[in-house]
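Top line first, the protein sequences correspond to chains V and C. Anchor point for the first sequence: position 72 equals 72 in this note's numbering, and the numbering is continuous, going up by one each time. Anchor point for the second sequence: position 61 equals 61 in this note's numbering, and the numbering is continuous, going up by one each time.
Calculated from the structure, these hints are not laboratory results. Be a bit skeptical, because a hint or two may be false.
Once the Cα atoms are required to be at most 35 Å apart in a straight line, the calculated DSBU-like pairs of lysine-lysine come out as [what the hints assert, rightly or not]:
hint, chain 1, residue 1, chain 2, residue 2
1, V, K20, C, K97
2, C, K85, V, K174
3, V, K53, C, K203
4, V, K115, C, K203
5, C, K203, V, K20
6, C, K106, V, K30
7, V, K204, C, K106
8, V, K174, C, K106
9, C, K91, C, K203
10, C, K97, V, K196
11, C, K91, V, K196
12, V, K209, C, K131
13, V, K204, C, K91
14, V, K230, V, K10
15, V, K204, C, K97
16, C, K203, V, K18
17, C, K203, V, K209
18, C, K91, C, K106
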Amino acid sequence: MDNNLSLTLKIWRQNDAKAKGRFETYSLDKVSPDSSFLEMMDILNEQLVNEDKEPLAFDHDCREGICGMCSLYINGRPHGPDDDITTCQLHMRRFKDGETITIEPWRSAGFPVIKDLIVNRSGFDQIIAAGGYTSVSTGGVPDANAIPIPKPDADEAMDAASCIGCGACVAACKNGSAMLFVSAKVSHLALLPQGKVEAVRRAKSMVSKMDELGFGNCTNTGACEVECPKGISIANIARLNREYLCAKIQD
Amino acid sequence: MSNLFCSSIGKKLLMSLSGLFLITFLVIHLTVNSLLLFDGSGDLFNAAAHFMGTNPLIRIMEPLLGLGFFVHILYGSLLTAQNNKARGNDKYSSGNKTTEVMWASKNMWVLGLTILAFLVVHIWQFYVKMKITGDPLLAHTVIDVAGVETQVENAYALVNATFSQLWVVILYVLGSLGLALHLTHGFWSAFQSLGASNDIWRKRLTVVGVVFAWVIGIGFSIIAIAQFLFFQS
């Protein structure tokens with residue numbers, strides 16, 4: 001194949017959470033445009049191992065866009081130049097031969113770097129643990145038509161539930177705000193009868209945990225929505241505001 | 001309710017409510033000022049200014065308006081400081097190439113500061129002279145209010161004299177344009193923070209907001225320019 005790519009990669013290296021990071025530049029030849037971005041990273045790591053250098057640390061798991069592990073800030077955008085996909089679904093055909101690609105970790109006070117391109121996203125887990133679940137005992141599996149749910153509500157709940165918690169919203173937000181994530185997690189439960197039972201407590205505890213962890217305040221720029229690999233709408237943020245304000249008024 | 005205003009959404013609620021309150025003020029302000037476009041003698045404007053200065057409701061709203069500005073500026077600055085902290089010290093070296101984000105939405109604090117700077121000059125040029133220090137131009141004039149001869153301050157003379165200076169006109173146009181940009185994001189954002197938005201209403205509110213913003217911005221600009229060009233005797 002003649003259309004292989006030669007790339008210059010400018011990648012963030014950082015030994016551990018406390019160390020000062022720096023950019024290092026690597027060259028990579030003969031990258032197939034059909035390979036995925038993470039496969040390109042694998043090729044680079046193999047090259048580094050063969051040169052007796054330390055390979056890059058980066059998060060990845062399912063490599064099919066559903067787990068939310070991959071998290072690279074590529075050429076000025078979370079998950080790179082394509083829309084509505086995760087880094088693992090990005091392909092090298094999106095890049096040109098001879099291009100310089102800058103790869104950085106998510107940057108936000110809420111997501112400190114652990115090593116190289118890996119950031120600590122346990123803040124999201126703590127927010128979920130604060131209330132992003134239902135504790136209603138549901139018993140056995142009921143018939144699907146036992147609780148009628150309007151189709152539009154079911155659709156909206158499903159759209160919100162497609163959030164994979166990757167953190168691209170926080171990475172893209174000029175305020176490092178986690179509102180899109182929290183609003184998706186509050187919305188997909190608040191829209192359904194099973195989730196409504198605990199909606200008040202959920203909205204209050206998840207928002208208070210989000211604030212406590214030092215995520216920023218939403219200023220409605222909408223950057224999160226543009227960069228979200230799952231296309232979560234900021235209409236969810238309006239719903240979260242509603243849920244939270246109503247919950248607080250009931251106090 | 002106890003700690004509502006300590007939470008991020010509570011602080012945004014204050015920004016939203018104070019913002020909407022200031023928007024109603026802008027509507028009244030522009031309505032009264034628009035009288036300047038229709039009457040070269042200034043009697044209409046003087047009558048309106050007299051009404052605004054003596055009406056008990058307006059007198060009650062005046063300190064509330066000051067409070068509205070205070071809350072909006074204070075919490076705007078507070079939220080901006082918190083947001084800068086949350087963003088962290090490390091910036092992206094490849095910049096931010098996210099498209100489809102309104103420029104104004106990312107620069108609300110800077111636009112707010114521009115408006116504040118304008119506001120200081122504006123208050124010094126009119127409010128201070130009319131309410132505190134007085135000005136020889138404000139000497140009483142007699143106008144006909146609903147058939148009754150009434151002695152009022154000649155606010156029109158002060159307006160007319162102030163806008164005879166080119167630098168003032170330029171400053172006011174810049175202030176109005178800053179305000180318009182601030183409102184293009186601020187209007188719909190106020191509803192979003194209240195929770196009064198969804199995928200359908202967001203589009204409507206954005207359109208209404210942008211139209212409203214430019215009516216306000218261009219409206220104030222036209223009045224200043226018209227005073228300079230057409231109403232100087």
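Hint by hint, here is what the structure shows:
{"no.": "1", "hint": "K20/V to K97/C", "in the structure": "holds, 25 Å"}
{"no.": "2", "hint": "K85/C to K174/V", "in the structure": "holds, 11 Å"}
{"no.": "3", "hint": "K53/V to K203/C", "in the structure": "violated, 52 Å"}
{"no.": "4", "hint": "K115/V to K203/C", "in the structure": "violated, 42 Å"}
{"no.": "5", "hint": "K203/C to K20/V", "in the structure": "violated, 44 Å"}
{"no.": "6", "hint": "K106/C to K30/V", "in the structure": "violated, 40 Å"}
{"no.": "7", "hint": "K204/V to K106/C", "in the structure": "holds, 27 Å"}
{"no.": "8", "hint": "K174/V to K106/C", "in the structure": "holds, 7 Å"}
{"no.": "9", "hint": "K91/C to K203/C", "in the structure": "holds, 32 Å"}
{"no.": "10", "hint": "K97/C to K196/V", "in the structure": "violated, 38 Å"}
{"no.": "11", "hint": "K91/C to K196/V", "in the structure": "violated, 40 Å"}
{"no.": "12", "hint": "K209/V to K131/C", "in the structure": "violated, 48 Å"}
{"no.": "13", "hint": "K204/V to K91/C", "in the structure": "holds, 31 Å"}
{"no.": "14", "hint": "K230/V to K10/V", "in the structure": "holds, 27 Å"}
{"no.": "15", "hint": "K204/V to K97/C", "in the structure": "holds, 34 Å"}
{"no.": "16", "hint": "K203/C to K18/V", "in the structure": "violated, 45 Å"}
{"no.": "17", "hint": "K203/C to K209/V", "in the structure": "holds, 31 Å"}
{"no.": "18", "hint": "K91/C to K106/C", "in the structure": "holds, 16 Å"}
Checked against the numbered hints given earlier, the structure breaks hints 3, 4, 5, 6, 10, 11, 12 and 16 and satisfies all the rest.
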